[in-house]
Amino acid sequence: MGDTKKGSRLTVALAGALILGFSLAGLLLPDREFSAAERRRLADAPKLSAEAVRSGAFMTEAETYLQDQFPFREGFRSLKTFVNCRIFGQKDIGGIYLYKGHASKMDYPLDTASIDYSASRFQSIYDTYLKDSGSRVYVSVVPDKNRYMAEEAGVPHLDPEELEERLLSQMPYASYIDIGAGLGLEDYYKTDIHWRQERLAGTAELLAESMGTRLPGDWRTVTLSDPFYGVYRGQSAMPLPAETISYLEADYLEACTVYDYETGSYVPVYDPEAVKGPDPYGMFLAGSKSLLRIENPAAPEGKRLILFRDSFGSSIAPLLAGGYREVVLVDIRYISPALLGQFLSFEDRDVLFLYSESVLNNSETLK
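The sequence shown begins at 1 in my numbering and counts up by one.
I should point out that these hints are in silico values taken from the structure, not numbers from a laboratory.
Treat each hint with caution, since some may be false.
[Stated by the list, open to error] In silico SDA-like cross-links for lysine to any residue, where the CA-CA straight-line distance does not exceed 25 Å:
hint, residue 1, residue 2
1, 303, 249
2, 105, 199
3, 303, 211
4, 131, 326
5, 289, 121
6, 289, 264
7, 105, 160
8, 276, 239
9, 105, 246
10, 276, 246
11, 367, 334
12, 91, 107
13, 131, 344
14, 303, 135
15, 105, 155
16, 289, 199
17, 105, 361
18, 289, 338
19, 289, 361
20, 289, 265
[As the list claims (entries may be wrong)] Simulated restraints, written as ranges between beta carbons of each label pair:
hint, residue 1, residue 2, range
21, 239, 298, 39 to 49 Å
22, 47, 254, 47 to 57 Å
23, 184, 226, 22 to 32 Å
24, 30, 209, 51 to 61 Å
25, 272, 239, 24 to 34 Å
26, 178, 263, 31 to 41 Å
27, 339, 217, 31 to 41 Å
28, 263, 367, 15 to 25 Å
29, 91, 131, 45 to 55 Å
30, 347, 168, 19 to 29 Å
31, 297, 260, 10 to 20 Å
32, 214, 178, 15 to 25 Å
33, 152, 178, 15 to 25 Å
Glycine included, C-beta positions come from ideal geometry on N, C-alpha and C.
Given the sequences, and given the hints that come with them, work out the whole structure.
Right, here's the structure in full:
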């Protein structure tokens, strides 16, 4: 009986010490503003007020804050993932699953309302700027990597053919360029949603030829030594191995300039130092930007392209620039289409709507 009491006291003492230790650590350690692993801002301490307490908002915000600022949070996230996957046999972490060393996030079911909303935003752009412009309009869909792994992995997935058919039925003014057949799982990063630029030469050539231009095709592959960890590694806390980022260099790219309308300054085509930052994929054309212009003095004078795009466009646009004197990248997640007439001419351009299945199926970010 005495040993039982001693054991109970020891258990209580250890539990109390752990609680006290984590409480002190939480008080002494400074709050973190950003999670590099998850690539998001962490919650700030909630402001106490009578209204916040009455509405319940204070407790909700406090719960989020305590979870985000919990001491040694990343270590506990990794431990939780290990236990859930290795011991309890859970197949996914927050919708992120593994197949043949590739991590991906389930995107299911097909949201027809989201596809229709995407089509309505493109229709508005067409009606406002393109209908009587003499421009040639094209559309292409960037396949999500789930297209090449979800069925074999046995996880729910949307039907890409249904997605494309629904979108294209509402874009009769645009010529469709199918790039999905020429891509495969190996063309995507294992730990990230994005495709690998060094494997996109054929895709870029297909797009260019379909729009009536040719690319120089003298690209050289450069591989960075810095480790690359994609967004899925951080979001899932899975212990996925590091990858590397490679990019394609060419003589014409060395002469290209890239103008950033947001800052009124020029940015590099590639910024290898960005691989060390919170958004490594931002090394391509400075990452998330509303409006950019690539100028290629070596290309034919009359060839100009306007590329409506999401983040996938950042890495393929430098390749397409080989066939155009000017490529303007427009991301309507960050700029209202109503403002475009202040900056751009739409007369006699090639215009390409290039969007990923993921953005089309979750299009609430489009303005």
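Numbers of the earlier hints that this structure fails to satisfy, in rising order: The structure breaks none of the hints.
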